[in-house]
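Protein sequence lines correspond, in order, to chains A and R.
So for the first sequence, the working numbering puts the first residue at 11; every next one is plus one.
So for the second sequence, the working numbering puts the first residue at 51; every next one is plus one.
Where hints are given, some of them may not hold.
[Unchecked claim] Taking lysine to any residue pairs in the SDA-like style, the calculated list, with each CA pair at most 20 angstroms apart, reads:
no., chain 1, residue 1, chain 2, residue 2
1, A, K121, A, G84
2, A, K181, R, C56
3, R, K66, R, D102
4, A, K160, R, K125
5, A, K31, A, Q52
6, R, K96, R, I75
7, A, K98, A, K160
8, A, K132, R, T73
9, R, K132, R, E112
10, R, K330, R, E312
11, R, K132, A, E176
12, A, K85, A, K31
13, R, K113, A, K121
14, R, K96, A, Q52
15, A, K160, R, D317
16, R, K201, R, T211
17, R, K269, R, D246
18, R, K349, R, E308
19, R, K243, R, E209
20, R, K96, A, S108
21, R, K113, A, E176
22, A, K111, R, E147
23, A, K88, A, P110
24, A, K160, R, F55
25, R, K113, A, D106
26, A, K160, R, L219
27, A, K111, R, P61
Hints were generated in silico from the structure; no laboratory data involved.
The residues making up each chain are set out below.
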Amino acid sequence: MSVENAPVVDVDEAAIPVEKKMYYRFESNDKKEFRVSELAIQQSETLNRLVEAMGYTSEDVENKPAIAIENIDGKTLKLVFQWCEHHKGEAIPVDDGSVPKIVEIPEFDAKLMDIDNGLLFKLIWAADYLNIVQLLNVSCKKVANMAQGKTPAQLRRVYLLPSDEEDEAAKRAAQEAQDPRAREVEEEFEERKRQGGNSFF
Amino acid sequence: MNATFCLFRLPVLALKEVLKCLTPIELFELSQCSRKASQIVRIVGKLSIELDFYRCYIVINEKQFIFAYGKPKEKDVVGIRKFQNNSVNVAFDSEDEMFTYWENRITGIEQVFCYFIDVFNCTVAGINSHRKVPWEVLHFCLQITPKHELKEFELAADELTNENVTWVLENVKVTERLWISQKLSDDFNYNGKPFDAKCVTLFHSSWIKLDHLSQLLDKCVMLQLWESLWNNEEVVEFIRLWRAGKFPNLQNFILKSENLDENLKIDGLDALEDTVARAKFSRKIGDQIMMIHSGVPIKRDDGSIGQIRYFKNEGEVHLFI
Numbered sequence: 011m012s013v014e015n016a017p018v019v020d021v022d023e024a025a026i027p028v029e030k031k032m033y034y035r036f037e038s039n040d041k042k043e044f045r046v047s048e049l050a051i052q053q054s055e056t057l058n059r060l061v062e063a064m065g066y067t068s069e070d071v072e073n074k075p076a077i078a079i080e081n082i083d084g085k086t087l088k089l090v091f092q093w094c095e096h097h098k099g100e101a102i103p104v105d106d107g108s109v110p111k112i113v114e115i116p117e118f119d120a121k122l123m124d125i126d127n128g129l130l131f132k133l134i135w136a137a138d139y140l141n142i143v144q145l146l147n148v149s150c151k152k153v154a155n156m157a158q159g160k161t162p163a164q165l166r167r168v169y170l171l172p173s174d175e176e177d178e179a180a181k182r183a184a185q186e187a188q189d190p191r192a193r194e195v196e197e198e199f200e201e202r203k204r205q206g207g208n209s210f211f
Numbered sequence: 051m052n053a054t055f056c057l058f059r060l061p062v063l064a065l066k067e068v069l070k071c072l073t074p075i076e077l078f079e080l081s082q083c084s085r086k087a088s089q090i091v092r093i094v095g096k097l098s099i100e101l102d103f104y105r106c107y108i109v110i111n112e113k114q115f116i117f118a119y120g121k122p123k124e125k126d127v128v129g130i131r132k133f134q135n136n137s138v139n140v141a142f143d144s145e146d147e148m149f150t151y152w153e154n155r156i157t158g159i160e161q162v163f164c165y166f167i168d169v170f171n172c173t174v175a176g177i178n179s180h181r182k183v184p185w186e187v188l189h190f191c192l193q194i195t196p197k198h199e200l201k202e203f204e205l206a207a208d209e210l211t212n213e214n215v216t217w218v219l220e221n222v223k224v225t226e227r228l229w230i231s232q233k234l235s236d237d238f239n240y241n242g243k244p245f246d247a248k249c250v251t252l253f254h255s256s257w258i259k260l261d262h263l264s265q266l267l268d269k270c271v272m273l274q275l276w277e278s279l280w281n282n283e284e285v286v287e288f289i290r291l292w293r294a295g296k297f298p299n300l301q302n303f304i305l306k307s308e309n310l311d312e313n314l315k316i317d318g319l320d321a322l323e324d325t326v327a328r329a330k331f332s333r334k335i336g337d338q339i340m341m342i343h344s345g346v347p348i349k350r351d352d353g354s355i356g357q358i359r360y361f362k363n364e365g366e367v368h369l370f371i
């Protein structure tokens, strides 16, 4: 099944399946609504537990408001649910602890993740939040692949890693933001040192 | 499309998943990016490392190698990496093999080992030493090995003293295989903590007396005593004790001694070599395939049967259970 044909749609009455399958309705933080099958939900430990705890009937799903997922926007949630629908019924993988972890990215997933790195970041964040193990595996593998054959200097650029100097500067800035007096004290200390004083106090 | 990715902004679990997908050499390269990076990569979890002084490499997770070499060919060098306070040239032979270049290969590989222990808190699968390694270097590597515990260890070092060997036997826990390949002084003796290793090979075992077997080496599954001083009577007594149920874990025993002669006889056995059928038995013991051929059956009092062979000319007794 292609990414485009995956059965995740914005709410559309005509698209409600005729068969008696259980579906749930979810709403993103930008008010986009999604209808997702019960089997697909099982890929997410977080959502699965949530719907189990709510104990919704089919009527509840239709009559009650959609379940709000307040941390995730519609664009990201659409990818998440497309992935869950495509992989519904598949076993949740168990980590064997090996390094490097062997993760294959299926063609469907590769296409689904052919997205801007900003959106990929949100997708990983969502997979982590919703505890979708295999989506987290493949999306993290995609990020790990960016490191292949890179030197430390190249890795710094690709992964936006600050240098030691930048980390120090950020730390100082954070300290100063927390305590505006810190800079004054530091300057006073430096001034006294210049004047040859041995002790600050 | 944006070609950059803000890795360290990921939630911890996701970041850990990314790191787990990296090879140990990629993790090393990442750790070289900054002090913060070298602290963060540790969350990947335990890496297993093996240090081989003989070939001057470490192998990480049984797959990726970092070698310490002397002067490089300049065309091969791809950059500089830092190990503690040392900045050294590096090159790659493949994605699984990295070369580092040092003035002294032994202290170089010591520094590489130290870096991995420090940054990744590795478990140490094994250390293989050899005679050219200064004791100070070997001692340092053992000191920084977490919990002083390793699966395999070959003890050899330049100017190894009795005190050094005693320190190792008292303080280092070797769980699978221990080799002591260096000749020890004639007055060496040890009666301290029993050996934990399942497989023990002592290339110069003149200090091992029969009593040591039950006191020190009772856990042994495989025991090889080379250059022993045992005589016929001691071998006969060892077999008597084994038949009576002593050394219940022992599956393979080899002893070589100049003091054994052609008069060695074991009660109840007509010969100590089968020159007719010449049957061969082999089995995996520890991580090695061990075998005996042309042995004769020998029965323990509990009914279990082993094979024994005496190589008269070599002064070697082999017992295989």
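Status of each hint after checking the structure:
In summary, the hint linking K121 of chain A to G84 of chain A is supported, as the alpha carbons are separated by about 19 angstroms, within the 20 angstroms threshold. Proposed proximity of K181 of chain A and C56 of chain R is supported: the alpha carbons are some 18 angstroms apart, at most 20 angstroms. For the proposed pair K66 of chain R and D102 of chain R, the alpha carbon gap of about 29 angstroms is over 20 angstroms, so the pair is violated. About 18 angstroms separates the Cα atoms of K160 of chain A and K125 of chain R, which keeps this hinted pair within 20 angstroms; it holds.
Restraint check: the Cα-Cα separation between K31 of chain A and Q52 of chain A comes to about 14 angstroms, which is no more than 20 angstroms; the hinted pair holds. Straight-line distance between C-alpha atoms of K96 of chain R and I75 of chain R comes to about 14 angstroms, which keeps the hinted pair within the 20 angstroms bound. Distance hint between K98 of chain A and K160 of chain A is unfulfilled; the C-alpha atoms sit about 36 angstroms from each other, more than 20 angstroms. Proximity of K132 of chain A to T73 of chain R is assessed by CA-CA distance (about 25 angstroms); at most 20 angstroms being required, the pair is judged violated.
For the given pair, K132 of chain R sits about 23 angstroms from E112 of chain R by alpha-carbon distance, which is inconsistent with the 20 angstroms threshold. For the proposed pair K330 of chain R and E312 of chain R, the alpha carbon gap of about 23 angstroms is over 20 angstroms, so the pair is violated. A threshold of 20 angstroms between alpha carbons decides the hint, and for K132 of chain R with E176 of chain A the separation of about 19 angstroms falls inside it, so the pair holds. Using a Cα cut-off of 20 angstroms, the hinted pair K85 of chain A and K31 of chain A is violated, with the two alpha carbons roughly 25 angstroms apart.
A hinted pair counts as satisfied when its Cα atoms are at most 20 angstroms apart, and K113 of chain R with K121 of chain A does not qualify at roughly 31 angstroms. For the hint linking K96 of chain R to Q52 of chain A, the alpha-carbon distance of about 31 angstroms lies beyond 20 angstroms, and the restraint is violated. With a C-alpha separation of about 69 angstroms, the suggested pair K160 of chain A and D317 of chain R falls outside the 20 angstroms cut-off, and the hint is violated. Only pairs whose Cα atoms come within 20 angstroms are accepted, and K201 of chain R paired with T211 of chain R is rejected, the gap being roughly 23 angstroms.
A threshold of 20 angstroms between alpha carbons decides the hint, and for K269 of chain R with D246 of chain R the separation of about 7 angstroms falls inside it, so the pair holds. Between K349 of chain R and E308 of chain R the alpha-carbon distance is near 26 angstroms, which puts this suggested pair outside the 20 angstroms criterion. Among the hinted pairs, K243 of chain R with E209 of chain R is inconsistent with the structure: their alpha-carbon atoms are about 23 angstroms apart, more than 20 angstroms. A hinted pair counts as satisfied when its Cα atoms are at most 20 angstroms apart, and K96 of chain R with S108 of chain A qualifies at roughly 9 angstroms.
For the proposed pair K113 of chain R and E176 of chain A, the alpha carbon gap of about 35 angstroms is over 20 angstroms, so the pair is violated. Note on K111 of chain A and E147 of chain R: the hinted pairing holds, with a Cα-Cα distance of about 19 angstroms set against a maximum of 20 angstroms. Between the alpha carbons of K88 of chain A and P110 of chain A the distance comes to roughly 30 angstroms, so the proposed pair goes past 20 angstroms and is violated. Proposed proximity of K160 of chain A and F55 of chain R is supported: the alpha carbons are some 14 angstroms apart, at most 20 angstroms.
Between the alpha carbons of K113 of chain R and D106 of chain A the distance comes to roughly 17 angstroms, so the proposed pair stays at or under 20 angstroms and holds. Distance hint between K160 of chain A and L219 of chain R is unfulfilled; the C-alpha atoms sit about 43 angstroms from each other, more than 20 angstroms. Of the supplied pair hints, the one linking K111 of chain A and P61 of chain R holds, its CA atoms being roughly 19 angstroms apart against a limit of 20 angstroms.
Hint compliance for this structure: hints 3, 7, 8, 9, 10, 12, 13, 14, 15, 16, 18, 19, 21, 23 and 26 are broken, all remaining hints hold.
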